[in-house]
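**Q** These protein sequence lines map, in sequence, to chains A and B. Position in the first sequence (first residue = 1) + 3 = the working numbering. So that you can map any letter, position 509 of the second sequence is 494 in the working numbering, and since no number is skipped, the others follow by simple counting.
Treat the hints as calculated values from the structure; they're not laboratory data. Hints are not guaranteed to be accurate.
Said to hold, decoys possible - Distance condition first, Cα-Cα at most 27 Å in a straight line; then the derived DSSO-like pairs of lysine-lysine:
#1 A:254 - B:344
#2 A:221 - B:130
#3 A:254 - A:306
Source: prediction; values computed, not measured.
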Amino acid sequence: MSRKTQRIDRRAFLRLGAGALGAAALSPRTLLAAESDDEQKLYAEAKKEGKVVWWTSHYQLSAAEAVRDAFKAKYPGIDVEFIRQTAQVVFQRLSQNLKAGVKEVDVFASTDESHYLKLKSQNVLARYTPLGESNLPKVYRDVDPDKTYHTGAIALLIINYHPSVSAPPQKWTDLLDPKWQGQITLGHPGFSGFVGNWVVAMSDKYGWDYFTKLAKNKPKIGRSIFDTVTDIVSGERKVGAGAENASLESKAKGNPIDIKFPSDDSILCVSPVAILKDAPHPNAGRLFESFFYAKEYSEALAKTFNYPLRSDVPAPSGIPIEKVKYYRNKAERLDKGIPEAIEKWRETFGV
Amino acid sequence: MAEAVGSAKSAPSPSLRTRRLDLSAAVFGIAAAILVFMVVVPLAWIFVGSVHSDVDETLTLSNYVRAFTRSIYLTPIRNSLVLATAAAVVATFFGTVLSWAVSRTDMPGRNAIRMMVFAAFATPSFLGATAWIFLAAPNSGWLNKIWIAVTGAERGPLNIYSMEGAIFVIALYSFPYTFAFASSALELIPSDMERSAALLGARWPRITWRITLPLVRPAILAGALLSFLEAISEFGTPAFLLIPAGKQVITTQLYLFFQYPNRPNLAAAYAVPLLLVTAGLFLLQQRLLKRGRFTSVGGKGGVREPFRLGGWRWPLLGVCLIPTLCALVLPYAALLATSLTRAWGRGPVPGNLTIDWYKWALVENPAARAAIGHSLIYAAAAATIATVIALFTAYVAQRRLVPGARVLAFIAMAPFVVPGIILAIGFFSAYARPPLVLYGTAWMLIVAFATRFLPIAYSGSESALRSIDVELENAARTLGSTTLNTFARITFPLLRRSVVATWLTAFIPSLRELSSAVFLFTPSTAVITNIIFDLSDAGNFEPVSALGVLMMALTFALIALAYRLFGRTVLFSRARG
Chain A
4 MSRKTQRIDR
14 RAFLRLGAGA
24 LGAAALSPRT
34 LLAAESDDEQ
44 KLYAEAKKEG
54 KVVWWTSHYQ
64 LSAAEAVRDA
74 FKAKYPGIDV
84 EFIRQTAQVV
94 FQRLSQNLKA
104 GVKEVDVFAS
114 TDESHYLKLK
124 SQNVLARYTP
134 LGESNLPKVY
144 RDVDPDKTYH
154 TGAIALLIIN
164 YHPSVSAPPQ
174 KWTDLLDPKW
184 QGQITLGHPG
194 FSGFVGNWVV
204 AMSDKYGWDY
214 FTKLAKNKPK
224 IGRSIFDTVT
234 DIVSGERKVG
244 AGAENASLES
254 KAKGNPIDIK
264 FPSDDSILCV
274 SPVAILKDAP
284 HPNAGRLFES
294 FFYAKEYSEA
304 LAKTFNYPLR
314 SDVPAPSGIP
324 IEKVKYYRNK
334 AERLDKGIPE
344 AIEKWRETFG
354 V
Chain B
-14 MAEAVGSAKS
-4 APSPSLRTRR
6 LDLSAAVFGI
16 AAAILVFMVV
26 VPLAWIFVGS
36 VHSDVDETLT
46 LSNYVRAFTR
56 SIYLTPIRNS
66 LVLATAAAVV
76 ATFFGTVLSW
86 AVSRTDMPGR
96 NAIRMMVFAA
106 FATPSFLGAT
116 AWIFLAAPNS
126 GWLNKIWIAV
136 TGAERGPLNI
146 YSMEGAIFVI
156 ALYSFPYTFA
166 FASSALELIP
176 SDMERSAALL
186 GARWPRITWR
196 ITLPLVRPAI
206 LAGALLSFLE
216 AISEFGTPAF
226 LLIPAGKQVI
236 TTQLYLFFQY
246 PNRPNLAAAY
256 AVPLLLVTAG
266 LFLLQQRLLK
276 RGRFTSVGGK
286 GGVREPFRLG
296 GWRWPLLGVC
306 LIPTLCALVL
316 PYAALLATSL
326 TRAWGRGPVP
336 GNLTIDWYKW
346 ALVENPAARA
356 AIGHSLIYAA
366 AAATIATVIA
376 LFTAYVAQRR
386 LVPGARVLAF
396 IAMAPFVVPG
406 IILAIGFFSA
416 YARPPLVLYG
426 TAWMLIVAFA
436 TRFLPIAYSG
446 SESALRSIDV
456 ELENAARTLG
466 STTLNTFARI
476 TFPLLRRSVV
486 ATWLTAFIPS
496 LRELSSAVFL
506 FTPSTAVITN
516 IIFDLSDAGN
526 FEPVSALGVL
536 MMALTFALIA
546 LAYRLFGRTV
556 LFSRARG
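Generate the whole structure from the sequences, applying the supplied hints.
**A** Okay, here's the thing in structure tokens:
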């Protein structure tokens, strides 16, 4: 819908003198109109602040760049400064800042949902309902009923493999087959939120025993979940527990890699995004977070092979998320599960 | 500081002698205050942290108990010791052989070898580690693939993801320390003793073993210790090569303590004994240096003559080329090839070649472009600060100008034994809170870099000062010159070349510093290494290579410029004879 029609709608609406009708009577279209007005106001405020500082571990660097570019195209005059690092790294940096009282980051985007429970209990997240959150499919709305954090990205953890493998693993337990000895690549839960998510899911599904057996296959352990892609395209390893976005992006670049949705469930990671209470650019932060629910954001994600948040943007894998057989960890489970997983991982894999 | 020197110089009458003395004391007092700010405060924060609980900040020793009773924390310590010792041994071997060959023999290509050592010194080992992943990863490494193609073997012989691999890579880039120390010493000792031995019938191997090497033993030991400390502080290479091998070292373990769940005080406790050990080694080195102390450059000249090796010249050159090949030729070829490919997994073949990554780094990516600028500015500022402070401190300590001068020297050398990560932790604790908030500003990185490389600048200044006989200064003082005046008129001119060399030896590691930058940067103050590290952990090897190549091109361009402007510096100079 273009701005113009929205404005006409709004004018017509005002002409009817319907202001007194109250919120209950508002139609979806007029809601959008009001939203656009809010958006313009927010944009004007945000422009005064000039920039937004965003720390993310949600997706590959290329995706973060695409999001930045799309935002800057839609809202000229506001710069986006971002860093992309693994989840535990950005979280550690934020914790340090909070402890030191340094106010630097506006929008914090980790792949480890439990980080937000921690931050919320420390009372450092701003309560805010981003514009357009209603554009989300219902399952991703209201991840926090108190509105301190919201869904920022979704990703699937899958099996990735080198096309020279004639019979790729069909399910997670296939990775335990001794034929994959010296052929597997993994990330590290101590660095990557995605890997942490995967480890908790696997140990809840199959018990820690899964990892003691997996360790016998001598996997190569990197840091980020995206390291698995590097190992596979280089031929260093044949199969991995990876993320679908980076694998597909690499495949599109012409690299030898493919993905398999495991029959015993892909792992769905719903990665939240939040605005800090002490954000130095609060309005730019709000505008940026609201942008996550604009079509442009989902398009930037799809372009870089991530699942879009909105259902009106087609999934790059060709399979809409609701058609995928997935398993999702609960945030409360991750809260205890990830630190535990890191400790146990250490004992099982040595690093 | 220049102002203070100037005013002291223009002081008109000898009756002001006491005031001049006060002025020197004030200048040196400022140097002391800066040292406290740069070194003592951050380190003190580490000790304070180590005895406080991570949970409730109460006073406790439980961090120490926890850090040193669990095997998962003890194994990394053993790994670090193995890594650092082995790397130092290998580095010292190559450093000594090369420095001797270049400084004391008639081996062909001496100047080229010298340049190459300097190039290896300028190359950060994490970049070398990245390149060696392309070359010697067990399945995908190009050298292994060539081996398989040639011999028909099932597997290649190399595995860079191993302790041996990490030792190899770290040694490749730390041998220049021994080289620099040993060769500057070798160039300073006159060859009269060697010639006497030759007249008495000794041949060059015996002369080298019995006379030359013992003379420079302190320098070799100092270099070996520096290699050891570099290796034990190394973060990038173990993170790239040893984590995949399933091995943690102290620095990667510290990094993990800073991950979720965040335990900075436990990390501090874990770091403290390491600090004590490295400090102990440093004291040991000081003792050794004292025993072997000599002054061989005075007002009198000395003649240095190279050994004539005859047929041995070529095998020696062969040995000297090993580090060249492994530290430079192969890695740079690999980085360049990767940076020019669209997708490096497919190799540098037609259709896969592109210059897009350079365009990306220089034009399309504002963050990368800004980072290149930051790197240059911060490194230059840090090197300048470090050189100025180091020179003054070394002078004060060397000539015992104020009481407690040795304490100043100790403080200046202290960061030497502090791994970059630990220093960063201290800096963060000290300067990310009022009253002095540096975090988030460029100063955080500049001061951290300056502190981190202060010891290198200090060692350079100290050994340069040591080589100047105090009799020249005494002559000036006898004639009524003040301390500052003597320094400005006599000492500094004699040191000029060394100062430029010192500045470069602080600038180059600042430009490539990763381990402290990784904790202290913010998006608006990111340097090249931050961008490289961010990219590398998601396996974006093509842009990593392009940025690495750009960073090194910049470094080498600056070195070439310095070379043109200042002529032959200590590290570059040919053996004078």
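**Q** Next step is simple, just say for each hint if it's right about the structure.
**A** For each hint, the structure was consulted:
Taking the CA atoms of residue 254 (chain A) and residue 344 (chain B), the gap is near 22 Å; set against the 27 Å cutoff, the hint holds. About 21 Å separates the Cα atoms of residue 221 (chain A) and residue 130 (chain B), which keeps this hinted pair within 27 Å; it holds. Our distance criterion of 27 Å between C-alpha atoms is met by residue 254 (chain A) and residue 306 (chain A), whose separation comes to about 13 Å.
Comparing the model with each earlier hint shows no violations; every hint is respected.
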